[in-house]
Amino acid sequence: MLGRLVAWFSDPSRWSGSAGIPARVLEHLGYTALAVVIAAVIALPIGAVIGHTRRGGLAVVGVANGLRALPELGVLVLFVLLLGLGLLPPTLALVLLAIPPLLAGAYSGVAGADPGAVDAARGIGMRESQILLQVEVPAAVPLVLAGLRFATLQVIATATIAAYVGLGGLGRFIIDGFSVRDFPQMLGGALVVAVLSIVVELVLQLLGRFVTPGPERLGMRRHPEGPAAESLQSASTPSSAERHDR
Amino acid sequence: MRAFGYDLDTLVIAHVLLALVPVVLGLLIALPLGWWAHRSPGARRVLVPLSGALYTVPSLALIVFIPVVLGTPILSPVNVGLTLTIYTVALLVRSVAEALDAVPASVTLAALAVGYRPAGLLLGVQLPLAVPVLTAGLRVASVSSFSLVTVGALVGIDSLGTLMTDGFQQDYTAMVVTGIVGSIVLAFIFDALWLALGRALTPWSRARAGV
Numbered sequence: 165m166l167g168r169l170v171a172w173f174s175d176p177s178r179w180s181g182s183a184g185i186p187a188r189v190l191e192h193l194g195y196t197a198l199a200v201v202i203a204a205v206i207a208l209p210i211g212a213v214i215g216h217t218r219r220g221g222l223a224v225v226g227v228a229n230g231l232r233a234l235p236e237l238g239v240l241v242l243f244v245l246l247l248g249l250g251l252l253p254p255t256l257a258l259v260l261l262a263i264p265p266l267l268a269g270a271y272s273g274v275a276g277a278d279p280g281a282v283d284a285a286r287g288i289g290m291r292e293s294q295i296l297l298q299v300e301v302p303a304a305v306p307l308v309l310a311g312l313r314f315a316t317l318q319v320i321a322t323a324t325i326a327a328y329v330g331l332g333g334l335g336r337f338i339i340d341g342f343s344v345r346d347f348p349q350m351l352g353g354a355l356v357v358a359v360l361s362i363v364v365e366l367v368l369q370l371l372g373r374f375v376t377p378g379p380e381r382l383g384m385r386r387h388p389e390g391p392a393a394e395s396l397q398s399a400s401t402p403s404s405a406e407r408h409d410r
Numbered sequence: 116m117r118a119f120g121y122d123l124d125t126l127v128i129a130h131v132l133l134a135l136v137p138v139v140l141g142l143l144i145a146l147p148l149g150w151w152a153h154r155s156p157g158a159r160r161v162l163v164p165l166s167g168a169l170y171t172v173p174s175l176a177l178i179v180f181i182p183v184v185l186g187t188p189i190l191s192p193v194n195v196g197l198t199l200t201i202y203t204v205a206l207l208v209r210s211v212a213e214a215l216d217a218v219p220a221s222v223t224l225a226a227l228a229v230g231y232r233p234a235g236l237l238l239g240v241q242l243p244l245a246v247p248v249l250t251a252g253l254r255v256a257s258v259s260s261f262s263l264v265t266v267g268a269l270v271g272i273d274s275l276g277t278l279m280t281d282g283f284q285q286d287y288t289a290m291v292v293t294g295i296v297g298s299i300v301l302a303f304i305f306d307a308l309w310l311a312l313g314r315a316l317t318p319w320s321r322a323r324a325g326v
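Line by line, the protein sequences are chains V and W.
Here the first sequence is numbered in my numbering, starting from 165 and rising by one per residue.
Here the second sequence is numbered in my numbering, starting from 116 and rising by one per residue.
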């Protein structure tokens, strides 16, 4: 099997043309980016506003958890049966599946901002919109990024399945390979999509380190025994303890 | 019960078995691994990134890898079961380690002081206190297992996903919807079950909430 897999990869036609590996990788990344960006535009503002006002938080968590039970395959098939073939129906299904982690990340990130910092911002006269954008959103960055990473991986995995309903991308190798029982092709496709997922995850993790503001970027969180982290903790603990007592 | 030319009971039973067994098996594997990661920083440095990487691999790809690695037939349900077991372990190893980390040192020290031995400490004090965090992880693993099991239908493994693929081929929306609704209902039933089990195992948390 290994020899046939190597033969599959070393076939020159695998590396050019619209059905080659590079073209399929680009397609796969394209579908993923499209769906995640649309989902982010919808979910992040809603999650942030709900996290700020704290109204409807339970509903957000409920909806996010409920959507998680949706079977990806069923949603894809249903959208295509109802809306027809083409790029749009599977993309809409991917958007729907990417929304819950993004919504949950934005909501919990904003709602979890240090209440002491939010009170202080209100105390020095910041408007609510300023508090949201300048205090809560920066504090929410790590959780938003975690949501973004999870959503992206979910979409990459589901886009693979979407080959069944006629989408291109790397799932084509697996679905087409299965229909003619061409196992090297299935395995080759599976290998490429697995590597792609891991690479994308690593890139997003790295990106996260660059855009995370404040102490976490400097790695203080990883060394709780460090003096800087200690002073940060002692600075933030009383305010949150106070908050609990009220 | 028959519908759309299928015996629904058979599909439901296959669906439940193929989603549930991996969750239980995954939990049993993740408990010792998570405990190991909790005890040894070296083990954690290997186990946590490894589980992260495994969790990253798309389900359809993992279902295809397993027959090659293990030599199981491509049409064997074991491929789907093992894929879901791997996801459960990957998700829960970190949950278990973090749940055990979260047990306050004062509690552990007090237990040691009143004479708990290491095994008794783990089973009688640390694990029970870890149940809420563990239940949360288990619920996520269970819900995703009940939805991902349908992907097996793409490589001929029966579950309610079969109604989705065959409904697609026959352009029969009602059949697809039946598959989706059935799969969601099963996911919610077992989610409620884990929640109830978690509560039953931690009677003190209810007592505290009632005060």
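A portion of the hints provided could be inaccurate.
Quick list of simulated restraints, FRET-style, between CB atoms [claimed, not checked]:
1. A311/W to S180/V: 28 to 34 angstroms
2. V139/W to G194/V: 35 to 41 angstroms
3. I210/V to G167/W: 38 to 44 angstroms
4. A311/W to V213/V: 32 to 38 angstroms
5. V213/V to V193/W: 43 to 49 angstroms
6. P156/W to I288/V: 48 to 54 angstroms
7. L227/W to G167/V: 55 to 61 angstroms
8. G271/W to G194/V: 28 to 34 angstroms
Over 12 angstroms on every C-beta distance to chain V, these chain W residues come out as not near it, computed from the model [claimed, not checked]:
9. L135
10. V179
11. L263
12. G267
13. A268
14. A311
15. S320
Think of the hints as simulated: they come from the structure by calculation, not from any bench.
The beta carbon of each residue, even a glycine, is placed where N, CA and C say it ideally should be.
Results for each hint:
1. A311/W to S180/V: 28 to 34 angstroms: 57 angstroms, violated
2. V139/W to G194/V: 35 to 41 angstroms: Holds, at about 39 angstroms.
3. I210/V to G167/W: 38 to 44 angstroms: About 28 angstroms separates the Cβ atoms of I210/V and G167/W, which means 38 to 44 angstroms is violated.
4. A311/W to V213/V: 32 to 38 angstroms: For A311/W and V213/V the Cβ distance comes to about 34 angstroms; the hint holds.
5. V213/V to V193/W: 43 to 49 angstroms: 47 angstroms, holds
6. P156/W to I288/V: 48 to 54 angstroms: 42 angstroms, violated
7. L227/W to G167/V: 55 to 61 angstroms: 58 angstroms, holds
8. G271/W to G194/V: 28 to 34 angstroms: 29 angstroms, holds
9. L135: Answer for L135/W: holds, closest chain V Cβ roughly 15 angstroms.
10. V179: 4 angstroms, violated
11. L263: 8 angstroms, violated
12. G267: Answer for G267/W: violated, closest chain V Cβ roughly 9 angstroms.
13. A268: 7 angstroms, violated
14. A311: At roughly 16 angstroms from the nearest Cβ of chain V, A311/W sits farther out than 12 angstroms, so the non-interface label holds.
15. S320: 17 angstroms, holds
Against the hints set out earlier in the document, violations occur for numbers 1, 3, 6, 10, 11, 12 and 13.
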